[in-house]
Amino acid sequence: MPFSGMTYDTPSVNGDSMRMRNSSVSSADSTPLHNAFGNSNADDYDSDGSNFAPTPRTLSMSVPPELAGAVPLLDRFQVEGFLRAMQKQIQSAGKRGFFSKRSVGPQIREKFTLEDMLCFQKEPIPTSLLRISSDMVSRAVKLFQVVLKYMGVDASDKVSPLSMEDQIDLVSKLYKQTLKRSELRDELFVQISKQTRNNPERHCLLKAWELMYLCASAMPPNKDIGGYLSEYVHSVAHEANSDPEVQTLALNTWNALKRSVKAGPRHTIPGREEIEALLTGRKLTTIVFFLDETFEEISYDMTTTVAEAIEELAGIIKLSAYTTFSLFECRKLVTGSKSLDNGNEEYIGLDDNKYIGDLLAEFRAEKDRSKGDILHCKLSFKKRLFRESDEAVVDPMFVQLSYVQLQHDYVLGNYPVGRDDAAQLSALQILVEMGFINSPETHSDWTSLLERFLPRQIAMTRGKRDWETDIISRYRSMEHLSKDDARQQFLRILRNLPYGNSVFFGVRKIEDPIGLLPGRIILGINKRGVHFFRPVPKEYLHSAELRDIMQFGSSNIAVFFKMRVAGVLHIFQFGTKQGEEVCVALQTHINDVMLRRYSKARSTASGSLQGDLCQNVKAPGLDIYEKRVQELSKELQDSKKKCRTENFPNFCTSYFSSFFNQE
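Quick note on numbering: the numbering used here labels position 109 of the sequence shown as 109, and the sequence is numbered without any gaps.
Worth double-checking, as some hints may not be accurate.
Straight-line Cα separation of at most 27 Å, DSS-like style, residue types lysine-lysine; simulated pairs [to be verified]: (1) 88 <-> 176; (2) 332 <-> 367; (3) 173 <-> 142; (4) 283 <-> 258; (5) 142 <-> 176; (6) 332 <-> 509; (7) 223 <-> 142.
Since the hints were derived computationally from the structure, they do not count as laboratory data.
Model the full assembly from the supplied sequences, consistent with the hints where possible.
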């Protein structure tokens, strides 16, 4: 099976880019330039332009400071074509012009500039402002009609305020037309920015900026238009003499642009509730579950991403060390009124740039599509992986969440253990749950706790009474332990298993050159390597140490490992949509070992060199170690982007074997 993918480069907006002053360019006829900005005020605006009649061949481009960012994009604007179409529309309506008086100097009434085109107007536009595909022009014209309607203006100078419902309808219409069409997104942003310049009606100006904020919150423009727009918005947001309300909206737009440029456009059209919440400054709320079925409520709006939700949740629960935690989509089948057992749950890691609003919309869509068995989806918070450095973390919430996750995986049967360990682990969990009491068997929850904390598969290997006697005996010997002590002992026992502290992925076998693996497999990834389990009945099959994994990679539907088995290299391939997470987890553990080895080598070298020599000489191989660490650290940072590719082969290559060979 080929591994292929598509690279996606997210453009960045730089609001501090150099402001170009006194930049001007001429149209093809090279007419003289003039200062189009002038010193007039908004009262000079004349929407019917009765003082002059333009001719397209006398265009001149003079760019004021706030439009300096448009200079490199002049080939994107169709100034002459727009003016020609506008003149035809004006003449057919019996008027002589439409631009503001301030857009022309008293000596040169016939010359028209980019600034003229990018000024507020009440009249509909006859064509697009940008050069776009011919089949998109009519859509662009209709977009401007929606923009005018949202602003509550028309060519007859009437101001028509809209109800909240009408506003939401119009914004939804703009989203529907532009969210998936990048050309129209650019056109829409230019149209709205046009309506924010030289706008004499304060109410209309505020509505234009409000609309800009709503659009920037749901989608970014393309890179080139984004650079111009961000510079323009930034200049308005920080202009000393700007209207305070305009400044606030411009600053909100600037912040929304930064977020949408980083995360990309929304995948689903924002719902009415999201639009209304953004318009009214209200936050929406949703529930995030933990693995023990407790939950917390978090707030979100149209622009909130997974990364921002994680940060908020960590603050709520006072989790200071949260870099190894993430949000997951938890999917679980429910038949009728009964949910299937916990082993039927599937946890899918979520990209940091995914929008919370998109996730909740997808959950609702999945539920609506369900027939017969209902698929329940919810947000869950848990660790992405366990790292060796976790053992040094003393944050109480970090330890508690780690315990909950290991307990959850253990009870599911993901950590096969013997009877003695199973009895000890059950006693420890009961102690954590209810503390120490002299006669635990008299406690009302005793029977349910015995069943809850003993994995079903191992419970069947022994009689219920035998288990109870063994567990009570072990529990009574723990009188000296506190709940925290019991929790730490539980973590220590599981951590010391060869496959301890793993993260687990359910996969389907595609290629097995040795023919020993079942069709369905559970992969466990930890600091020691990759571990293979049979899911039903739960059975440990095989482990591959990190040093034996020569190469690995993923596509959006599979993951592969090139590894040594009994000294022979084989390529194994498995079907999964979580290949990226598998690669990131594996590469992280490899990087951790590389860093540990590098630190050890550097420490040894420092201790063995004396006097001035230690300042000038590195131990043999340190340069290689350092280079390897840098390479792998870069790979880890890039792995998410790489593992999402769809058009080019993607290999997350391991240099681990050559590292060990250097020892």
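Consistency of the hints with the structure:
Distance hint between residue 88 and residue 176 is unfulfilled; the C-alpha atoms sit about 30 Å from each other, more than 27 Å. The straight-line distance between the Cα atoms of residue 332 and residue 367 is roughly 11 Å, inside the 27 Å bound, and the hint therefore holds. Simply put, residue 173 and residue 142 have alpha-carbon atoms about 10 Å apart, close enough for the 27 Å limit, and the pair holds. The straight-line distance between the Cα atoms of residue 283 and residue 258 is roughly 19 Å, inside the 27 Å bound, and the hint therefore holds.
In summary, the hint linking residue 142 to residue 176 is supported, as the alpha carbons are separated by about 13 Å, within the 27 Å threshold. Proximity of residue 332 to residue 509 is assessed by CA-CA distance (about 22 Å); at most 27 Å being required, the pair is judged to hold. Between residue 223 and residue 142, the direct Cα distance comes to roughly 24 Å. Compliance with the 27 Å bound is thereby established for this hinted pair.
Going down the numbered hints, you'll see the structure goes against just number 1.
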